[in-house]
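Undergrad: Sequence:
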Amino acid sequence: MSEPMDASFLGILSPYYADFHQFLERNNLTITNALITLSAVFVVSRIVKYRQGLQTVSHLPGLRVPFWPLGLPGVLIPTCWWNPGAYFTWTWRESLYKRFGHDTISIVPFVGGPAGLYTANLDIARQVVVGGHKTSFIKPESMSRVLLLWGMNLVASDGEVWRRHRRVMGPAFNNDLYRLVWKESLSTYKEMLAGEGWESKKEVEIPILQKFTFKYALLIIGKCGFGFDFNWFSPPKAADGKMSVLESLRVVADTYMIPVFMPKWVLKLPFKRIQESNEAHEQLMHFMKTQVSERKAEIRSQAESVDNRHDAFTMLVKANEEEGKFKLDDQELIGNVFIMLFAGHETTAHTLAATLGFLSVNEDIQEEIYEQVISVVGHDRDPEFDDYSKLDKVLAGFYEALRLFPAGYLLIREAYEDTVLHVPKPVGEEGTTTIPIPKGTQVVIDMIGAQLNPRYFDKPEEFRPSRWYGLATDSEAFSAFSIGPRACIGRKFATVESVCFLSMLLRDFKVQPILRPGETKQQWGNRVLDAKIVITLGMADVPVRFVRRT
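Quick note: the sequence shown uses the numbering used here, first residue 1, plus one each step.
A few of these clues could be false.
Stated by the list, open to error - Quick list of simulated restraints, FRET-style, between CB atoms: (1) Glu94 - Ser375: 32 to 42 Å; (2) Ile138 - Arg545: 41 to 51 Å; (3) Ile138 - Arg51: 21 to 31 Å; (4) Arg381 - Gly440: 58 to 68 Å; (5) Leu267 - Arg166: 28 to 38 Å; (6) Arg381 - Tyr469: 15 to 25 Å; (7) Val146 - Arg51: 31 to 41 Å; (8) Lys459 - Glu160: 39 to 49 Å; (9) Pro270 - Val130: 14 to 24 Å.
What the hints assert, rightly or not - Computed list of lysine-lysine pairs in DSSO-like fashion (alpha-carbon distance at most 27 Å, straight line): (10) Lys296 - Lys318; (11) Lys211 - Lys492; (12) Lys289 - Lys272; (13) Lys211 - Lys190; (14) Lys425 - Lys439; (15) Lys521 - Lys532; (16) Lys325 - Lys139; (17) Lys492 - Lys521; (18) Lys134 - Lys425; (19) Lys521 - Lys510; (20) Lys289 - Lys242; (21) Lys215 - Lys201; (22) Lys439 - Lys201; (23) Lys202 - Lys521; (24) Lys242 - Lys211; (25) Lys49 - Lys439; (26) Lys425 - Lys459; (27) Lys49 - Lys183; (28) Lys268 - Lys289; (29) Lys532 - Lys211; (30) Lys318 - Lys190.
Please keep in mind that the hints were generated in silico from the structure rather than gathered at the bench.
Given the structure is predicted, the values throughout are model-derived calculations rather than measurements.
Note that CB positions come from ideal geometry on N, CA and C, so glycine has one too.
Make a model of the complete structure from these sequences and hints.
TA: Okay, here's the thing in structure tokens:
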């Protein structure tokens, strides 16, 4: 049936094809001229835009590339010699700023995207992120999309909205919470040993350390962030066959980017990973809305049980109920809990793996930290929260791993008005250079570059925890948690959890790298100690061996 119809249809059109070919022959020169003209207009427009871009950045030296690294299509193209891509600050970390002799550079695209600045200088970070009482920079709305899946929150907000969120969030992070974190970290570590059968083993090989650090950090968030009764043995399915809250937390953490970037129609496709992600998000959102309602009712009824609960979620709801006109709505409460605790879960899990990875190939440093654990805690008793401030070498190991793999690797700000930046001159030169910054210009704080900046660190590429020995636990001298009022509110939550875990593990086991045949520790380090970037920057899979101390 279809073939005769097609033949007939083509027969009807054939005279028009002949006319069209004649038209092309008569007007070939005209069409060619039009294409040449359009190409010339495009090239001239790009030249004009490029020259404007150079003026925008005051001709500051830097990269001249086709596309802005964080915009389309540049962000989708892998890092290569002609395209920086999204992760060039890691890939080119050892050469980027040396190439231009300055820790602040410009990026001017000549095909698409805005001109802007990248900087590894913390003085500039303070100008655009902190800004004193007033700053001329805000977070670009496009860059906050990934942070708003669960609702407006402290990390995504700016200005008065940020101050309102900070006012409510602050009281939830206190010593009652940190004591709970220490207690649950200790019990979860013991559950891990029992659950994995490591209590009686002299040696344990772990091909991917993150498998355990992620589960550990997720359980701590469940217990201390939400007040849930989780343990290492919790089944992945609830009694009614639905996904449990713990499993929902894990799946949401693993598939967070799917609902953020995928079109809505993709979310309806019958692929297992997508459907699992949908179920986890729906289950968790329903559960959290129910929890908000129940805890509000408890607090309003002045139930005695509320006074005995110190998890972040309960204290956040309680603080919010006391705020009056500054009160957050239910969606904002949920947004804050998720952004704080999911970010903390991923950051802590990756940094614990990184810390143990570095210690496995630096035996002398590992032994030095072990000796402090023994001197403070001894061999027999459990460490207590009051020991936290005395275990500064354990904390220093965690800090140094986070410095070399800063989870929040980019801070992006955009000028909402014409302003200026005072750019410090290169190392060895005194003073600053004042650069005008037009409205709409983006300034990107490269935290990888800042943590490797020789302006701040001697031999910055080396793992050297002694940089942080004796440092106050809340000192702003350590900047990998960001700086100023906008520094990570969950910093002490993460460090208390990590110091407790590392102290117990290093007291019980020596950590060694699992080497391939003929491989040296240095080669292992070059292969393993590399970045893995999703929302935050973490480390590639870490294979280690735990050998029980005698």
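Undergrad: Among the hints numbered above, which are violated by the structure, and what are their numbers in rising order?
TA: 9, 17, 22, 27 and 30
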